[in-house]
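Participant: Spelled out, the chains give:
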Amino acid sequence: MLPKTEIDVAHVAKLARLNLTAEEAALFQRQLGRVLEYAAKLRAAVVAGVSPAEENEEDAGETPATTPQREDEPRPWFTAEEALSNAPRQSNDLFVVPKVME
Amino acid sequence: MKWSDLPALNVAELRAALRSRQLSAREVVEALRDRIAEIDPRIDAYLSLDVEDALTQAETVDLDLPLGGVPIAFKDIISVAGQPCTCASKILQNYRAIYDAAVVEKLKAAGAIVFGKTNMDEFAMGSSTENSSVKLTRNPWDLTRVPGGSSGGSAAAVAADEAFAALGTDTGGSVRQPAALSGVVGLKPSYGRVSRFGLVAFASSLDQAGPLTKTVRDAAMILNAIAGADPRDSTCRKESVPDYTANLDRKLRGTRLGLPKEYLTDGIDPQVRRAVNAAVKHFESLGAEIVEVSLPHTEYAVATYYMIASAEASANLARFDGVRYGHRAENPRDLLDLYGRTREEGFGPEVKRRVILGTYVLSAGYYDEYYNRAQKVRKLIRQDFVEAFGKIDALISPTAPEVAFRFGERSTDPLRMYLADVFTIAASLAGICGISLPCGFATSGEGTELPIGLQVLGKPLKEAQILQIAHGYEQSTDWHKRKSPLAKENAERRTPNAQS
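Top line first, the protein sequences correspond to chains A and B.
Position one of the first sequence corresponds to residue 209 (the working numbering), numbered consecutively onward.
Position one of the second sequence corresponds to residue 72 (the working numbering), numbered consecutively onward.
There may be inaccurate statements among the hints.
[As the list claims (entries may be wrong)] What the simulated footprint calls covered on chain B by chain A, stretch by stretch (three residues with Cβ under 8 Å from a Cβ of chain A suffice, anywhere in the stretch; the number is not a length):
1. 365-371
2. 376-387
3. 393-404
It is worth saying that the hints were derived from the structure and are not from the lab.
From the three backbone atoms N, C-alpha and C, an ideal C-beta is built for every residue, glycine too.
Just chain A, with the same shape it has in the complex (with noise of 0.2 Å):
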């Protein structure tokens, strides 16, 4: 277990690919700071021997969901056009990027 609850938002802002001013950064600090010191009860809660709760459990606590499976068949679906119809740029029906390779 972890020594104490300390996040350094700054670090994981770049992880979650999010720039923040430094004002920002400096007000989630404290912030989130309270909620993790808030979220430490989990700590006191007895886990041992319990296994974490499944995305697709079934609730009742009857036995757990499989994974539905569909036959892996075209279907109608967005034309390009609607697909591009949101896209902030896009050219020749395809989304703009910035480059990614030198």
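With chain A held as given, fit chain B onto it using these hints.
Facilitator: The following block gives chain B in isolation, referenced to the frame of chain A:
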């Protein structure tokens, strides 16, 4: 029926008038349009409204369908083809949905008219609708107070008689809590009962869509239309959908109602506690048996929820990157600069906080400590309910620890805002169903009446049972007949016309 009386009708009454052809769908849409034009400048429940489109739908709608001709408003997180779907976020400010959500398809198939997108906390993160990037929505009972959230626009619209019914989404209480604070009925179906296809995802292991209505019967009518399997949402349950209106009038004699002792502790507004205690007595007078039960892990629910919901949100909101839709930062240096600035400019403070919190609890070194531990505690919370439901048919509690609060009262302290959901969150974590309905009024310091909500929680997929319990209470009390001052004002102004 007089034109101006029309918006005060509930869905069942409106349907009776449409079915018997006393009203046309066009008249209904026009009356509602006029009502919104008159009242919404003071409430600000709606983000967008397409009157032309609603009138076009009214032309061809089949009035013999179960919801034929009934206009329904949608929280702006639910996709309606061709309409904005902003999630009250700057990042989606110019976004238009290109397809209908499953709930929209199903309501249209039942004859409903899609009319209006309602305000909300940005990406459904909040409990007061103050996190909307667009505007504040005011509580029709007291315009200086919040309507609750995150489905605050839907709740306020129904409470002000500027919607017959609305759809919201509930991740940790976002249908039930605003219903309580705005004095209407709000139903959160069991996890998987209603397809989420076409809802903008916030926390995928928790999100559910549900109706906000004037009466319990109306909620049952809407659930009839939206419940059921959908192959496009892999979490959707396949169990058959009963007619939720069929047994509403069944007597409550012998029903066993659990009172969770952890839900009636300190920190509850004394007026809320009094109203809930009176509701308990009332249920006894209806022949229900009250059993005290324990949900021992309740104290961990809020912390568990914020770990899990934030983690899932950080993953779900990764899609907002400035490439395929939504806001995009100008002149990016490179891809990371595009992501970082697009999200900085597009997200509001609460969304940023949760994305950071979620990223943190999922990051290497902290995953076990926070996320994994929270998932284990979630299991314990579920087991609490399974155990309680072995002895009882449903649970009753306050929906929220207090009544509608003032603007700004909570928004500077995120943790305090999170605690507004203390009674709704555990049910969300357990995936069970719940409903909030009016059970009394508190008096504010300024003498305004503020609604109090009673929550009824039921076993998974037992929506019919909680609807029946809620209906039994509602129909033997008068709370649901009270109209908010803004709805009443309309009625009073009409009086001279009535005599002419």
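Participant: Where does the structure disagree with the numbered hints, that is, which hint numbers, in rising order?
Facilitator: none
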